[in-house]
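> Sequence:
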Amino acid sequence: MGSARGDGSLVKARKGIGGYQLTFDGVAAHDGNEPEKERSAITAFANSVQAINALTDMTRGTTLNMGVVQGRSVVNVVAAELHAQLDVRFGEYEEYDRAHKSLQSLCQQGFLDGVTTTLTRVIHKPAMAASKRHNA
1 MGSARGDGSL
11 VKARKGIGGY
21 QLTFDGVAAH
31 DGNEPEKERS
41 AITAFANSVQ
51 AINALTDMTR
61 GTTLNMGVVQ
71 GRSVVNVVAA
81 ELHAQLDVRF
91 GEYEEYDRAH
101 KSLQSLCQQG
111 FLDGVTTTLT
121 RVIHKPAMAA
131 SKRHNA
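Per the UniProt record's numbering, the sequence shown starts with residue 1, numbered consecutively.
Be aware that one or more of the hints could be misleading.
[Said to hold, decoys possible] Below are the PhoX-like pairs computed for lysine-lysine, each with C-alpha atoms no more than 25 Å apart in a straight line: (1) Lys125 / Lys101; (2) Lys15 / Lys101; (3) Lys125 / Lys15; (4) Lys12 / Lys125.
Please keep in mind that the hints were generated in silico from the structure rather than gathered at the bench.
Please build the complete structure, drawing on both the sequences and the hints.
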């Protein structure tokens, strides 16, 4: 069992947590002088959001949320680098396994030609299912 909630009731179950850092590495280029050389990390990230959100399965309690995002560039240069933090919540290990393998596959395929996507797991806490003993 977990610690008490704000109202004093005991935590009898909780979702598992998967935390990831995604790094998008592209090619910087000046918008006005060399646009043909650019490979935008921001565009790759934008493409990834739709694909990653599609892994959510509300019926199984699995959610994915892209949280903190940091790009590095100036306004007239295409960003070559972007970092994003992804939060995954799940109720069953099988769902975490599905989401984890899908994320690995998506990132390996990439989201834009010329931009590399690196997925790093930074946290994993299994779900805590309610047991009959705790429900009594």
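> Now tell me, hint by hint, if it's right for this structure.
Results of checking the hints against the structure:
1. For a cut-off of 25 Å, the pair hint linking Lys125 to Lys101 stands: about 16 Å separates their Cα positions.
2. Restraint check for Lys15 and Lys101: the C-alpha separation of about 19 Å stays at or below 25 Å, so the hint holds.
3. Taken as a hint, the Lys125 and Lys15 pair is honoured in the structure, with Cα atoms around 9 Å apart against an allowance of 25 Å.
4. Simply put, Lys12 and Lys125 have alpha-carbon atoms about 16 Å apart, close enough for the 25 Å limit, and the pair holds.
In the structure shown, no violation is registered for any of the earlier numbered hints.
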